[in-house]
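Trainee: Read top to bottom, the protein sequences are chains A and B. For the first sequence, the positions run 100 to 428 when this note's numbering is used. For the second sequence, the positions run 100 to 428 when this note's numbering is used.
Hints listed in this document are in silico derivations from the structure and should not be mistaken for laboratory results. Backbone N, C-alpha and C define an ideal beta-carbon position, used for all residues, glycine too. Do not rely on the hints blindly, as some may be mistaken.
[What the hints assert, rightly or not] Here are the computed lysine-lysine pairs in the DSSO-like style, where the Cα-Cα straight-line distance is at most 27 Å: (1) Lys340/B x Lys271/B; (2) Lys101/B x Lys101/A; (3) Lys271/B x Lys142/B; (4) Lys323/B x Lys101/A.
[Said to hold, decoys possible] Sample of chain B residues facing chain A (criterion: CB under 8 Å; computed from the structure): (5) Ala327; (6) Gly358; (7) Thr360; (8) Pro361; (9) Leu362; (10) His386; (11) Thr388; (12) Glu396; (13) Cys400; (14) Arg425.
There are 2 protein chains.
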Amino acid sequence: MKKLINDVETLLTESLDGFAAAHSDIVTLGDEGRFVRRSELKKGKVALISGGGSGHEPLHAGFVGHGMLDAACPGQVFTSPTPDQMLAAAQAVDTGAGVLFIVKNYSGDMMNFQMAAEMVDCDNETVIVNDDVAVENSTYTTGRRGVAGTLIVEKIVGAAAERGDGLATLKKLGNAVNKATASMGVALTSCTVPAAGTPTFQIGSDEMEMGVGIHGEPGRRRVKLASADDIAAELTGSILKDLSLRRGAEVLLLVNGFGGTPLLELYLMVNAARKVLGGAGVRAIRHLTGSYVTSLEMAGCSITVSAADDTTLPLWDAPVHTAALRWGM
Amino acid sequence: MKKLINDVETLLTESLDGFAAAHSDIVTLGDEGRFVRRSELKKGKVALISGGGSGHEPLHAGFVGHGMLDAACPGQVFTSPTPDQMLAAAQAVDTGAGVLFIVKNYSGDMMNFQMAAEMVDCDNETVIVNDDVAVENSTYTTGRRGVAGTLIVEKIVGAAAERGDGLATLKKLGNAVNKATASMGVALTSCTVPAAGTPTFQIGSDEMEMGVGIHGEPGRRRVKLASADDIAAELTGSILKDLSLRRGAEVLLLVNGFGGTPLLELYLMVNAARKVLGGAGVRAIRHLTGSYVTSLEMAGCSITVSAADDTTLPLWDAPVHTAALRWGM
Numbered sequence: 100m101k102k103l104i105n106d107v108e109t110l111l112t113e114s115l116d117g118f119a120a121a122h123s124d125i126v127t128l129g130d131e132g133r134f135v136r137r138s139e140l141k142k143g144k145v146a147l148i149s150g151g152g153s154g155h156e157p158l159h160a161g162f163v164g165h166g167m168l169d170a171a172c173p174g175q176v177f178t179s180p181t182p183d184q185m186l187a188a189a190q191a192v193d194t195g196a197g198v199l200f201i202v203k204n205y206s207g208d209m210m211n212f213q214m215a216a217e218m219v220d221c222d223n224e225t226v227i228v229n230d231d232v233a234v235e236n237s238t239y240t241t242g243r244r245g246v247a248g249t250l251i252v253e254k255i256v257g258a259a260a261e262r263g264d265g266l267a268t269l270k271k272l273g274n275a276v277n278k279a280t281a282s283m284g285v286a287l288t289s290c291t292v293p294a295a296g297t298p299t300f301q302i303g304s305d306e307m308e309m310g311v312g313i314h315g316e317p318g319r320r321r322v323k324l325a326s327a328d329d330i331a332a333e334l335t336g337s338i339l340k341d342l343s344l345r346r347g348a349e350v351l352l353l354v355n356g357f358g359g360t361p362l363l364e365l366y367l368m369v370n371a372a373r374k375v376l377g378g379a380g381v382r383a384i385r386h387l388t389g390s391y392v393t394s395l396e397m398a399g400c401s402i403t404v405s406a407a408d409d410t411t412l413p414l415w416d417a418p419v420h421t422a423a424l425r426w427g428m
Numbered sequence: 100m101k102k103l104i105n106d107v108e109t110l111l112t113e114s115l116d117g118f119a120a121a122h123s124d125i126v127t128l129g130d131e132g133r134f135v136r137r138s139e140l141k142k143g144k145v146a147l148i149s150g151g152g153s154g155h156e157p158l159h160a161g162f163v164g165h166g167m168l169d170a171a172c173p174g175q176v177f178t179s180p181t182p183d184q185m186l187a188a189a190q191a192v193d194t195g196a197g198v199l200f201i202v203k204n205y206s207g208d209m210m211n212f213q214m215a216a217e218m219v220d221c222d223n224e225t226v227i228v229n230d231d232v233a234v235e236n237s238t239y240t241t242g243r244r245g246v247a248g249t250l251i252v253e254k255i256v257g258a259a260a261e262r263g264d265g266l267a268t269l270k271k272l273g274n275a276v277n278k279a280t281a282s283m284g285v286a287l288t289s290c291t292v293p294a295a296g297t298p299t300f301q302i303g304s305d306e307m308e309m310g311v312g313i314h315g316e317p318g319r320r321r322v323k324l325a326s327a328d329d330i331a332a333e334l335t336g337s338i339l340k341d342l343s344l345r346r347g348a349e350v351l352l353l354v355n356g357f358g359g360t361p362l363l364e365l366y367l368m369v370n371a372a373r374k375v376l377g378g379a380g381v382r383a384i385r386h387l388t389g390s391y392v393t394s395l396e397m398a399g400c401s402i403t404v405s406a407a408d409d410t411t412l413p414l415w416d417a418p419v420h421t422a423a424l425r426w427g428m
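Throw the hints in and build the complete structure from the sequences for me.
Mentor: Encoded structure:
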């Protein structure tokens, strides 16, 4: 296992210490690194809290800050955070308007966030993200998985929270954005979880895993490596089928790297995905390209399409200041 | 070779097409993809032009926009752009105040930029970046290599150009920033140049290349994989020795991934590098962490330290709006 680490046991806390030091202008680390929170809270604003296993950086801590999350709870690599982390985060960032939990649909995350929601003594609601169209049910999941679309939900709902929308409105918006957002990914290589020390899965030098999950979970099928255009056709085609977009629809296109894929290739995938969208009469009017929802050093990418409308587009464009997404300020 | 591509021959143009489409609000592609330029130019502002082989994305095209470059010339992967690319870029973005070329110190880049400088019919100057302290002379280089520090030169000089500084002032500033900036990297794996199809170098499963170049050039020595703290001590120690910083000095710390290293590890390296800096009485007051000057999918990272002062810090902090760096707007 080749990694820039000192000790598997302290990997996460050392990384969080580096993160908090690098972004001390916007975030503070909670006690014992149980959560990352905004340094400055806004009185009367609904607090957005997300979290999940580490190894997907910059998700979620990289999205804490003005216009997105108020706190993120990092679990160990590919392991759910505990209910007490979420409880501590909620107590730290609730300013009286309640808490909205944004949870990716994995059994562990769902169970622990639900326990936290029952324990927390302020108003709270939960938005569940399940944007991955690759498979129904999977390792760690009942139903569809929550993947890169999560950042779109966090951005749009975060902007609405920042302008003062209430808890019920935000939950409704989050559910709507989740429904309007679909993703699918492909892996060319496996990642290696530090505590395991060996690759999560074996894959031939001429193979890819079509529909892979962000923990290296199996996708739809293992096939021979195909061209970027063929890959984009399957990923984007599956997404379009799920979203049932009309011709003329406008969308946000996120081409997301899993951690080991060069930006050179991701932009080529943008070009490939745009051709598929164009063929369906769908126009990408906003783009985000980079490694935002990763699987450690896995090579591969996912494509996410999110239908844009007059409600969501201004919220996507609204100012944001986090470690990983920043514009307008 | 596992890559998200259609054809090695069209890889670069397809990727540039995706890039230009994704960032059509700020950049335009020159004829035949010879350069990427700002869509809107500012009359009377010195134009900053950089470029180099592709495969280091987001460098340089990702740094074209307000507050940084006016144009970037992408060569084929790890291959210098041609003089006619630079000439065409200069003709496209010069608005009468002249052109400053920012060139990484590689023989091919140096020769081609020099030819362009002789051909171009406007005032022009060149800043050469050679921040890599690992080795004197190397494959492709006489003298020290230009690596991740290049982005710091481009950001600081770009901000000065934006506020209206003249050509001579900018050249002097660029030289000063280059001198105040030092970098060194380590590779855990090789990358594979698409046209070659096989890894650039062979490396054992328990080895690393200390002092590696951004094309996979040999560094100081091939050694057994060490802990993050030991790696940070050697990289940061070599940098501090080169910069001869006094105790109490304030610096900008860039921990740069080479393309295949997770952000989780990069932030751990931030933490490790800060410990070394702290031990030398040097304080990191600005941080940039991510894969900004890459070597395709190579695993590893570089550390860059740039001395900050009252001249350079406000320029670093000044608004920037490019594909890869954006703040203040």
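Trainee: Could you check the structure against the hints above and give me the numbers of any it violates, in ascending order?
Mentor: Of the numbered hints, all hold.
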